[in-house]
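**Student:** Note that the protein sequences, when read in sequence, are chains R and C.
Following the UniProt record's numbering, the numbering of the first sequence begins with 1 at its first residue and continues without gaps.
Following the UniProt record's numbering, the numbering of the second sequence begins with 1 at its first residue and continues without gaps.
Everything labelled a hint here was simulated from the structure, so no lab data went into it.
Careful: at least some of the hints might be erroneous.
Residues of chain R clear of chain C, computed beta-carbon distances all greater than 12 Å [to be verified]:
no.	residue
1	Arg24
2	Val81
3	Pro88
4	Ser109
5	Asp159
Below, in silico cross-link-like pairs of lysine to any residue (SDA-like), each with a Cα-Cα straight-line distance of 25 Å or less [stated by the list, open to error]:
no.	chain 1	residue 1	chain 2	residue 2
6	C	Lys152	C	Lys258
7	R	Lys18	R	Ala4
8	R	Lys154	C	Lys152
9	R	Lys76	C	Gly225
10	R	Lys76	C	Asn6
11	C	Lys258	R	Thr260
12	R	Lys72	C	Lys152
All values derive from a computational prediction rather than experimental measurement.
For glycine and all other residues, C-beta sits at the position ideal for the given N, C-alpha and C.
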Amino acid sequence: MSQAPVVRLQNVTKVIGKRTIIDRVSFEVQPGEVFGFLGPNGSGKTTTIRMIVGLMGLTEGDIQIAGHSVRKEFPKAIIHVGAIVENPEMYKFLTGYQNLLHYARMNPSITKERIQEVIELVGLQGRIHDKVKKYSLGMRQRLGVAQAVMHRPKLLVLDEPTNGLDPAGIRELRDYLRRLAQDEGTAVLVSSHLLSEMELMCDRVAILQKGQIIDVRSIRGQTVDKAASEEVQFDVDHPDAALGILEGQGSGKIVDGLLTLSVDRTGIAALNRRLVEAGINVYGIRVKTKSLEDQFLEMTGSETIG
Amino acid sequence: MGNFWNLILNENMKIYRRVRTWIMLGFIVLLPPLISILVMIFSDGPSSNWNMMMMESYILFILVTIFTVVIASETVAGEFTWGTIKLLLIRPWSRSTILLSKYLSTLMFALTFIVAAFIVTLLVNIVVFGYSGNASELSGTVGISDWEYALKYYLFQFISLIIIVTFGFMMSSAFRSSGLAIGLSISFLFAGSIVANLFSVIDKDWVKYVLFMHLNLTSYIQGVGPIPNHPTTLGFSLAVLAGYFILFNLISWTVFRKRDITA
Ligand SMILES: Nc1ncnc2c1ncn2[C@@H]1O[C@H](COP(=O)(O)OP(=O)(O)OP(=O)(O)O)[C@@H](O)[C@H]1O
Ligand SMILES: [Mg+2]
């Protein structure tokens, strides 16, 4: 990619007292990319996000948003950012609409029509003139998303955005974030410890542990990677006979009554044809990627928090 | 970037969209007629509109100071308590400007309430006791007209109010605790005059630089300084207050600009 990254962290370090909470974290998020920030409790996700949005200062390093340093040109950098940091706290004594108006007034580009548009987008039109103290957590989360996207930011930062949402809400948010990235080229940075969530939502995931990035990997890239061999399961009526056909063609085995083997995309098609030609009924073919969760737990282990 | 007035509108929305603000205003508007009518019914000697106005204004200034201290303390500390500071500070405005909008809206609140107090106490007492003219009833032998006395009284009291409120605002942004800010500023208001009385007998020059000594500027209307044993001029008192004013604001702004937001 030759595009300029929307956000770039360079050796970001945060020391509080004597503890190094964030240790030389560097990464970039491109326009249109959904970037996940994954790590166990206390690994430093929220702290990193606070530094990106300027709530906390950096001890070392720099963060640039759309080419502007958060340290040196804060207003110019932050105007491109929409964010929810931890819980979406709102003014409880104001209505949802007044809360949005409050943040809209602070940004010159937001019109009354745009406010209306985001209210409908997050589906709050029925309750927007209620006081926020009467909102459920999920409704506040929606209001939080509304204030974050109102000014069409180039970078959307969401710290555990699915917290408090029901399954339908989670799905909606996920689809919305993907659309935002694809259609408007927004760079999205989400943190979570819901690993399965991240797999469905993100293009790339950085794994954070004890304030350090221990790995950055592509998620979507993996499943489209045509050359890579993957574990594939064939659901057939005669697994043993099928295994016989395989002889001399790599190593297959039978797991839970399914023919399981490692093969690339073209191999799947070829093998399927041979099975059918041999008179074996194929009921299903499943590509089994090792879930991120497995990889994540493998890497971070089941260590104690911190 | 953008319009600073919008920030003031926001702060005003957060002040005036709360029921308690209107209860406060209710006190300011209803207390004077209540006192005046009670005095009219239960006292036999005819009271003049000016004397009653000043008596009520004295009480209202204490109330408005307390109310404004509550507003000043919560305007910053409240955002931390509510967690909304995280959403407030991630906008294209510097922290200094946001703090300024909070400070100015707090002073505007005080000014609004003080103007309301002036109008209400003036009108209510003219209606209840009749207008006694513009002689020198309030200042006695000094010979200042009653209108001039009343206006100077309000001006001087307002200056002291600003200092106390600025102190509360500083506590609010430095300690993020509205309870502490309110408590300290109000004890400041009440203990101030006691401390001033104690200190005034001390025969040392530094007494003249103690803040508490200069919070009662109204004595200058009668031509004497607020510290009995240390003659001072109005200009001197204002200079001392200005020094504290700058110091308090310097602390507010320095702390607020630098601090990590972990709320
Ligand atoms: N103000 C602070 N002072 C000292 N240490 C802090 C402060 N804030 C956070 N920490 C420490 O920094 C580390 C990272 O915290 P952070 O909140 O960023 O983690 P997180 O990845 O967001 O965790 P979670 O998944 O629980 O939200 C923790 O060990 C925490 O104790
Ligand atoms: Mg966190």
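**Student:** Determine for every hint whether it applies to the structure shown.
**Tutor:** Consistency of the hints with the structure:
Every Cβ of chain C is farther than 12 Å from the Cβ of arginine 24 of chain R; the closest lies at roughly 19 Å, confirming the non-interface assignment. Valine 81 of chain R, annotated as away from the interface, has a beta carbon of chain C within 12 Å; the closest lies near 6 Å. Non-interface call for proline 88 of chain R relative to chain C: violated, since the shortest CB-CB distance, roughly 8 Å, does not exceed 12 Å. With a closest Cβ-Cβ approach of about 9 Å to chain C, serine 109 of chain R is found to fall inside the 12 Å limit, against its non-interface label.
Its closest Cβ contact with chain C, about 10 Å, brings aspartate 159 of chain R to no more than 12 Å, contrary to its assignment away from the interface. Distance check on the hinted pair: lysine 152 of chain C and lysine 258 of chain C sit about 39 Å apart at the alpha-carbon level, beyond 25 Å; violated. Among the hinted pairs, lysine 18 of chain R with alanine 4 of chain R is inconsistent with the structure: their alpha-carbon atoms are about 35 Å apart, more than 25 Å. Of the pairs offered as hints, the one joining lysine 154 of chain R and lysine 152 of chain C is violated, with about 55 Å between alpha carbons and a cut-off of 25 Å exceeded.
Taking the CA atoms of lysine 76 of chain R and glycine 225 of chain C, the gap is near 51 Å; set against the 25 Å cutoff, the hint is violated. The suggested pairing of lysine 76 of chain R with asparagine 6 of chain C holds, with an alpha-carbon distance near 18 Å, which does not exceed 25 Å. Among the hinted pairs, lysine 258 of chain C with threonine 260 of chain R is inconsistent with the structure: their alpha-carbon atoms are about 59 Å apart, more than 25 Å. Between the alpha carbons of lysine 72 of chain R and lysine 152 of chain C the distance comes to roughly 47 Å, so the proposed pair goes past 25 Å and is violated.
Violation of the numbered hints given earlier is confined to hints 2, 3, 4, 5, 6, 7, 8, 9, 11, 12; the remaining hints are satisfied by the structure.
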